[in-house]
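Trainee: Starting from the known structure of chain A, fit chain B onto it as the hints suggest.
Protein chains: 2
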Amino acid sequence: MATAINKLAIFGPGLVGGSLAGAARRHRLAAEIRVWARRPDAAQAVVARGWADAGTTDVAAAAEGADFLILATPVGVMPELARRLAGVRLATDAVVTDVGSVKTFVARNVAPIFEAAGITFIGSHPMAGSEAAGFEAARDDLFDGAACILTPHAASLPRLREFWESLGCRIAVMTPNEHDAAIARISHLPHLTASALTLAALTDQADIVSLVGRGFRDTTRIASGDASLWTEILLENHDAIEPPLEDLTRRLAALLDFLKNRNEMALRKFLTEAKCLRDQANDPRANCHG
Amino acid sequence: MATAINKLAIFGPGLVGGSLAGAARRHRLAAEIRVWARRPDAAQAVVARGWADAGTTDVAAAAEGADFLILATPVGVMPELARRLAGVRLATDAVVTDVGSVKTFVARNVAPIFEAAGITFIGSHPMAGSEAAGFEAARDDLFDGAACILTPHAASLPRLREFWESLGCRIAVMTPNEHDAAIARISHLPHLTASALTLAALTDQADIVSLVGRGFRDTTRIASGDASLWTEILLENHDAIEPPLEDLTRRLAALLDFLKNRNEMALRKFLTEAKCLRDQANDPRANCHG
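Line by line, the protein sequences are chains A and B. Under my numbering, the first residue of the first sequence carries the number 12, and numbering increases by one thereafter. Under my numbering, the first residue of the second sequence carries the number 12, and numbering increases by one thereafter.
No wet-lab data here; the hints were simulated from the structure. Keep in mind that a hint or two might mislead.
Claimed, not checked - Partial list, derived from the structure: chain A residues whose beta carbon lies under 8 Å from chain B: (1) ALA158; (2) THR204; (3) ALA211; (4) ARG228; (5) ARG262; (6) ALA264; (7) LEU270; (8) LEU282.
To be verified - What the simulated footprint calls covered on chain B by chain A, stretch by stretch (three residues with Cβ under 8 Å from a Cβ of chain A suffice, anywhere in the stretch; the number is not a length): (9) 117–124; (10) 202–215; (11) 224–233; (12) 248–258; (13) 283–293.
Claimed, not checked - Covered stretches of chain A, going by a simulated chain B footprint (3 or more residues, C-beta under 8 Å): (14) 35–49; (15) 89–97.
Heads up, the beta-carbon is just placed ideally off N, CA and C, and yes, glycines get one too.
Chain A extracted, bound-state conformation (with noise of 0.2 Å):
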């Protein structure tokens, strides 16, 4: 990494925030990595994995004299912690910068803080994560070819892009508004398709959960996720999320018209239709019209 980072400080070390330590480990993107935590136990966690050189659960100890900071924790903690850390003596050239999901909040509720205390934020969203969560599911090459989307709100771009860059993220710079209305398209619908299509599918169907093949488990293996964050996030970004669900039923009312008036042409579009955009996400250079 062409700007390497003295101090790094992560906050809270759950999926994304332990893969993060792990991560600026094995790029070895960091003189020093601390962690902090609410619990000890998770602090330590990461110290004995050997990602981290300190784990601590006083955010002063964690940020003190740190030149790169990375909040991980759930966003709706982030406002408290990013008045904990504006009380900090950071490193002169530090960058702050996030890894939640809905922009436009921590736009709103974290990024003016640090700019008041006059400290350079920038958010963050690694396209990587999981159905898992905490530490345990934490990997090191986690970030290995994501898409990584920046929403800045001040200077210091180039060091958190080489940042990224240096774990194996793509990079995408975006408004936090056009972040979160993306983010809602590709992260947040499919995650409500996945929970409503389990309990379309499975509820009261004791007897078929056995059989269920890889298709069913990948298309709604999200719906595994936890609940509590899920439902934060949701209604954090519902804004956004409304106009594409309302799409969303419309195009499955549209399918069981098809189906109740064997539309076999209209059906058959709808599927070709699907199949190329879906095409276009393994490869952007697919034709949908060839």
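Mentor: Chain B only, in chain A's frame:
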């Protein structure tokens, strides 16, 4: 396998049929394996891979003297194939099965042809597949750990059961109607949902296609399946698909309502119940109410 096969004949060496040839070879289930395909090169590809001893485009040549026959073509082709097989001299103890995904159609349009000819026919549906199609995607371990549903119309069930168990499948026995109702929920509804979700998320959103993460990819993967094949399957099973599709549409409408009214409690309850059911698909002993 307790009941070894002398001559195994597989009709239609695509993803499933080709994988069956490979799996039968790997597990040494048959003294001789023959494949029939419409195109000579498709039949020869299986022989070239070492998964069949003979490949032919002649139905009678493939079937003559066979004691275990598997129809692995699209179900729409099976009645005609059955009529041709009914005129061939099979082994006296021959068992015929299929791997089609819609079983009332098979019970109505395929089984009677074999019954009239005095040939034992029992439907099978191994819950293994992929969004990929064709022999190129075939794998000799495709059936490892998969569920396989048998829909007996006739005797000789133990022999069929042992065949699938030898390939690593877990067996369930159902009537064709029960099969189609179950598959509507765990295969056909997920396919429609993945297609509709892809269109709702990505239509006219070319700039976000490259951002999708593993969650979106998995949730929509099956939408890349062959559109013509799926149009046929879905129309054949429309009766069984309509009730769970209506249920899904209602649940998505409820979610929209929860978001619009910031009904945190209802949203969390919905996601919690879905997580619980989905966790059971990974571990049937998971306790939802513990």
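Trainee: So, for every hint listed, does it hold in this structure?
Mentor: Evaluated hints:
The interface hint given for A/ALA158 is met, as the beta carbon of that residue sits about 4 Å from the closest beta carbon of chain B, less than 8 Å. Taken as an interface hint, A/THR204 checks out: its beta carbon lies about 5 Å from the nearest beta carbon of chain B, inside 8 Å. For A/ALA211, the interface hint holds, the least distance from its beta-carbon to any beta-carbon of chain B being 4 Å, beneath 8 Å. For the restraint placing A/ARG228 at the interface with chain B, the shortest Cβ-Cβ distance is roughly 6 Å, inside the 8 Å limit, so the hint holds.
Taken as an interface hint, A/ARG262 checks out: its beta carbon lies about 4 Å from the nearest beta carbon of chain B, inside 8 Å. This hint holds: A/ALA264 has a C-beta 6 Å from the nearest C-beta of chain B, less than the 8 Å allowed. At its closest, the beta carbon of A/LEU270 sits 4 Å from a beta carbon of chain B; the interface hint therefore holds under the 8 Å criterion. Because the beta carbon of A/LEU282 sits about 4 Å from the nearest beta carbon in chain B, less than 8 Å, this interface hint is met.
For the region 117–124 of chain B, the stated coverage by chain A is violated: 0 residues have a C-beta nearer than 8 Å to a C-beta of that chain, whereas at least 3 were required. Coverage of a stretch by a chain is defined here by at least three residues with a beta carbon nearer than 8 Å to that chain's beta carbons; for the region 202–215 of chain B and chain A the count is 13, and the condition holds. Residues of the region 224–233 of chain B lying with their CB closer than 8 Å to a CB of chain A number 10, which satisfies the three-residue condition for coverage. A stretch counts as covered by a chain when three or more of its residues have a beta carbon under 8 Å from one of that chain; for the region 248–258 of chain B and chain A the count is 7, and the coverage holds.
For a cut-off of 8 Å, the count of residues in the region 283–293 of chain B with a CB near a CB of chain A stands at 10, and the three-residue condition holds. Three residues within the 8 Å Cβ limit are the bar, and the region 35–49 of chain A against chain B gives 0, so the coverage statement is violated. By the rule of at least three residues with a Cβ nearer than 8 Å to a Cβ of chain B, the coverage given for the region 89–97 of chain A is violated, with 0 such residues.
Of the numbered hints listed earlier, those contradicted by the structure are 9, 14, 15.
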